[in-house]
Structure formats: C-alpha cells, structure tokens
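Modelling step: build the complete structure from the supplied sequences, incorporating the hints.
Here the protein sequences come in this chain order: A and B.
Position one of the first sequence corresponds to residue 1 (my numbering), numbered consecutively onward.
Position one of the second sequence corresponds to residue 1 (my numbering), numbered consecutively onward.
The set of hints was computed from the structure by calculation and includes no laboratory data.
One should not assume that every hint holds.
Chain copies aren't distinguished; within one or between two, either way the pair holds.
Stated by the list, open to error - DSSO-like cross-link-like pairs, simulated, lysine-lysine; straight-line CA separation at most 27 Å:
1. LYS161 x LYS148
2. LYS148 x LYS129
3. LYS129 x LYS46
Since the model is a prediction, treat every value here as computed from it, not as a measurement.
2 protein chains.
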Amino acid sequence: MGLFTKDIKTLDDLFVHQLQDVYYAENQITKALPTMISKATDPQLKQGFELHLAETKNQIKRLERVFEMHGHKPKGVTCPAIDGIIAEANEVAGDVADKEVLDAALIASAQAVEHYEITRYGTLVAWAKQLGRNDCASVLQETLDEEKATDHKLTAMAESKINRKAA
Amino acid sequence: MGLFTKDIKTLDDLFVHQLQDVYYAENQITKALPTMISKATDPQLKQGFELHLAETKNQIKRLERVFEMHGHKPKGVTCPAIDGIIAEANEVAGDVADKEVLDAALIASAQAVEHYEITRYGTLVAWAKQLGRNDCASVLQETLDEEKATDHKLTAMAESKINRKAA
Numbered sequence: 001m002g003l004f005t006k007d008i009k010t011l012d013d014l015f016v017h018q019l020q021d022v023y024y025a026e027n028q029i030t031k032a033l034p035t036m037i038s039k040a041t042d043p044q045l046k047q048g049f050e051l052h053l054a055e056t057k058n059q060i061k062r063l064e065r066v067f068e069m070h071g072h073k074p075k076g077v078t079c080p081a082i083d084g085i086i087a088e089a090n091e092v093a094g095d096v097a098d099k100e101v102l103d104a105a106l107i108a109s110a111q112a113v114e115h116y117e118i119t120r121y122g123t124l125v126a127w128a129k130q131l132g133r134n135d136c137a138s139v140l141q142e143t144l145d146e147e148k149a150t151d152h153k154l155t156a157m158a159e160s161k162i163n164r165k166a167a
Numbered sequence: 001m002g003l004f005t006k007d008i009k010t011l012d013d014l015f016v017h018q019l020q021d022v023y024y025a026e027n028q029i030t031k032a033l034p035t036m037i038s039k040a041t042d043p044q045l046k047q048g049f050e051l052h053l054a055e056t057k058n059q060i061k062r063l064e065r066v067f068e069m070h071g072h073k074p075k076g077v078t079c080p081a082i083d084g085i086i087a088e089a090n091e092v093a094g095d096v097a098d099k100e101v102l103d104a105a106l107i108a109s110a111q112a113v114e115h116y117e118i119t120r121y122g123t124l125v126a127w128a129k130q131l132g133r134n135d136c137a138s139v140l141q142e143t144l145d146e147e148k149a150t151d152h153k154l155t156a157m158a159e160s161k162i163n164r165k166a167a
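Here is the structure:
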C-alpha cells in the first residue's frame, strides 16, 4: 500500500508519493499498450507502440531502482489522472471504425500519456535535486529524456504520415 | 451535447470531438483554479494561478471562435482525463498541512494540467492544418504557445523558489 496523501508532511514525503503515483501509472500503461498495439493498423505506428511498451517496462525497473536508492519498497498508489487518460483513450479507440482515423486517434492518445509522464518525471527530477538526491535525479532524468524523445517521434510520425492518411 | 465517439467517422469528426473535449477541460479548469488560488501561500504563485485563470477564460473564447469558424456550436463532451488530473490535484492538496510543501504540490498539479492542454492543443493544431484549416490552426496555436510559456514560468518558479522553500 502506498503513502496516503494525509501522511504527506515534507517534500520528501511528496517525492515518495509522486514516485508511487508514477509507479502505478507506468504499470497501468503496460496494461493499456497491448490493446493499442492490436488496434493500430500502420506498421510503423504498431512498431512504435511496441517499442514504447519495452521502454515502459524498463522505466518501471528504473523506478524500482530509485525506490530502493531512497530506502523505500516499490509500491503504487492509485493515480486518477492516468486512469482518466487511459479511459478516454479506450473510449475513443473503441468507437472509431475507419482504421486510418483510428490510427490518428491512437497516436493522440499515446501523446497524452507521454505528456503525463513528462510532467511527472520533470517534477520528480526537480524534487530529487532539491532534496540533494542527484543520484535519484539522474536515473529519473534518463526516463524523462526517453519520454520526450518518444513524444517527438510520435509528433513526427503523426505529421508526416498518420494524419495525412486519415484526412 | 457533444459528438459521441461512435459518431466519429472522419478526421474532421475527430477534430470536432477533440475540440469538445478541450472545451469541457478548459471549463473544468476555470472551476478548479479558484480553489488552487485560495490554497496557494506564496504570493507569486497565487498571482501566477490568477493569471492562468484569466488566460483560461480567454482560451475558452478562442475555442468558441474556432467552433464557429468550423461551423459548429461550442459544446463540451466529458473528458475523463482532465477529471482525473483535477481529482488527483484535489486529493493531494486536501491533505498536505505544511503550507510550503502544499505550494510545491500545487505547482506540480498545475503543470500536469498544462501538459494535458499542451498535448491536446498540439494535436488540434496538427489536425487543423491537415484538414486545410490554417485559420483554425493559427487560433489554436496562440493558446498552445501560451500554455507552453505558462509551463516554463511554473518550472522556473518551482526550481528557483517554491521547491527550495518546501525542502
């Protein structure tokens, strides 16, 4: 069980709570991605989601490393934000029949997920540095860089191909 | 009532559905910000949230303009993503007693909201361009630029002051 919000008294507690939130989020993403992979039609998009799934599993390992470095057991707390983002992705993906329009919707959903991760890892890196934990910050920064790179790749794919096919 | 996801057949439908999603989201943000303003302690942070509220109201007007340019009445559809992001913000903010730690939590929540808007407006701009609606794209781009600028300002404020005071 994660840290209840009522137990947050210090920036360190807030950092651990945010780690638990992102840990839950990454685990939910690994459950959501296989559906997105199976729904994607464009082979490059499908492959992009497969790569993202592999990266996410590695990001979970990095989070576990940070928990341990910081003297905590890896645990998750329910993250209503990622639950909402994934619910919305499923809602739209479930109802679009045209495969090319669906690909455009899927890529937008994936970017919403990426941006959630970018904002949370950005915050975690800043808090880790403020807490004097540059060791934790540098592990979290690796993931942040990866998320930003993935988001850029998805933008490029959407604009150069997926949106064009959908129009 | 907004466009049901089952009615999405074309990229144009998807664009209108996303406009409705963001319209709902912006309206929820105007309801959430007054609580964040009242909870913030640092005067610069409080002022930053007040500015964000004024900007959000203007962004809603821009969205209404885009709806009209595109021949649709401004309407919202429930957006589980923003509901989740706001629920999480309220959950954390409700339970942190230390005012300086609370400020750090509030700024992180505000950045999660910003990133949701950045991803959605980024997508809307790309889809508008693809649909040959550069007129809509340029109005949406104004908001996208504003959201990115606000996010950068919040990062600077967090790193230069708010996180330091919380530590």
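>> I want to check one pair: LYS129 and LYS46. Are their C-alpha atoms no more than 27 Å apart within a copy, between two copies, both, or neither?
In response: Intra 36 Å, inter 24 Å, cutoff 27 Å: inter-copy only.
>> With identical chains, the pair LYS161 and LYS148 could be close in the same copy or across copies; at 27 Å between alpha carbons, which is it: within, between, both, or neither?
In response: Both ways: LYS161 and LYS148 sit 20 Å apart in one copy and 25 Å across, limit 27 Å.
> From the Cα coordinates, with 27 Å as the cut-off, is the pair LYS148 and LYS129 best called within, between, both, or neither?
Replying inline: both (20 Å within a copy, 23 Å between copies)
When the structure is compared with the earlier hints, no violation turns up for any of them.
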